[in-house]
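Novice: Sequence:
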Amino acid sequence: MKNRQSFQQGIRRGIVAWVFLLSVICSVCWAEEANLSVKIPVVTGEWPPVTSETLDDLGFYTVLVSAIFNEMRVVPEYKFYPWKRCELLVQKGDVFAAFPYANKPERAKLYLFSDGLLYDYPVKLFFYKKQKSDFVYERLEDLRAYKVAGIAGYGYLEDFKAANIPYLYADTEETALRMLVAGRVDLVAVNTIVALEFIERLFPNEQALFGVLDKPAEPLLKLGLIVSKTYPNAETLLAQFNAAFHRIVENGTYAQFLKKYGIEALSVFDKPVE
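In this text, residue positions in the sequence shown follow my numbering: the first is 1, and each later residue adds one.
No lab work stands behind these hints: they were computed from the structure. Treat the numbers as computed from the prediction; the structure is a model and nothing was measured. The reader is advised that the hints may include incorrect statements.
Unchecked claim - Listed next, the in silico DMTMM-like pairs over lysine to aspartate or glutamate satisfying Cα-Cα at most 25 Å (straight line):
1. Lys130 with Asp56
2. Lys129 with Asp115
3. Lys215 with Asp186
4. Lys132 with Asp214
5. Lys104 with Asp270
6. Lys222 with Asp134
7. Lys260 with Asp134
8. Lys129 with Glu218
9. Lys129 with Asp56
10. Lys222 with Glu250
11. Lys161 with Asp142
12. Lys215 with Asp56
Using the sequences provided together with the hints, build the complete structure.
Specialist: As structure tokens, then:
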């Protein structure tokens, strides 16, 4: 009789344990599905091939950001705006974050920062050979002798201001390059891969007429997200984002992404190549 009671009690305990395990599994599945319904507004601008609304995958940097949010089990809602508007939306707390931006001390009072996700391509000074091609550029202050275009969103604008280097403001790379060809400026400080993309698109028959100075206009920087200080639960979301980034590094997703786009040199875990 005792053996039968023990057997029945064992069966009941097993059933209870199984029901509990099933409830845990269901709750986890429900939580994951619920999280996937959470949408986070994020903004960026036109910076092909890094990020662009005109590209099928929205640019390789956007692909990486999406992979991190996917690891968080939330859905990013992307909107493309001029860079100045992106920054204002983050400052007001209308969106969680904007990308890609460098973590610079001058921005710390306005934003939180994610970990750096990729190194930037070198920012160099482009010139148009029909206008001028003899330049002396050994240090930043040498640029005072030339008319330089400074582009919205670039970190070097703060460096130019600190060094008292006057510049003509351009809202986009396209505007800056058109100013260069028109002779309104002598030099344009621009991301190299982005400049080549725009030159090929805008001036397909004049690509050989563009030159570039060897010395970068600014040091290579890591690019990440600028995050709103006033967006709801921003600090918690930022911590989750950074943790998700390091998980995709550990599970190999990051390395696969770098290889797919041929940008292994931009890995934040290797010394950058200028």
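Novice: Are the hints correct? Go through all of them and say.
Specialist: Here's how the hints hold up against the structure:
The hinted pair formed by Lys130 and Asp56 fails the criterion: a straight-line CA distance of about 35 Å is larger than 25 Å. Annotation: proposed proximity of Lys129 to Asp115 is violated, straight-line Cα distance about 39 Å (limit 25 Å). Restraint check for Lys215 and Asp186: the C-alpha separation of about 16 Å stays at or below 25 Å, so the hint holds. As the CA atoms of Lys132 and Asp214 are separated by approximately 16 Å, the hinted pair is consistent with the 25 Å bound.
Between Lys104 and Asp270 the CA atoms are separated by roughly 20 Å; this keeps the pair inside 25 Å, and the hint holds. In summary, the hint linking Lys222 to Asp134 is not supported, as the alpha carbons are separated by about 31 Å, beyond the 25 Å threshold. Taking the CA atoms of Lys260 and Asp134, the gap is about 39 Å. The hint is violated against a cut of 25 Å. For the suggested pair Lys129 and Glu218, the alpha carbons sit about 22 Å apart, so the restraint of at most 25 Å is met.
Distance check on the hinted pair: Lys129 and Asp56 sit about 34 Å apart at the alpha-carbon level, beyond 25 Å; violated. Straight-line distance between C-alpha atoms of Lys222 and Glu250 comes to about 19 Å, which keeps the hinted pair within the 25 Å bound. Taking the CA atoms of Lys161 and Asp142, the gap is near 14 Å; set against the 25 Å cutoff, the hint holds. Restraint check for Lys215 and Asp56: the C-alpha separation of about 33 Å exceeds 25 Å, so the hint is violated.
Hint violations for this structure: numbers 1, 2, 6, 7, 9, 12, all remaining hints satisfied.
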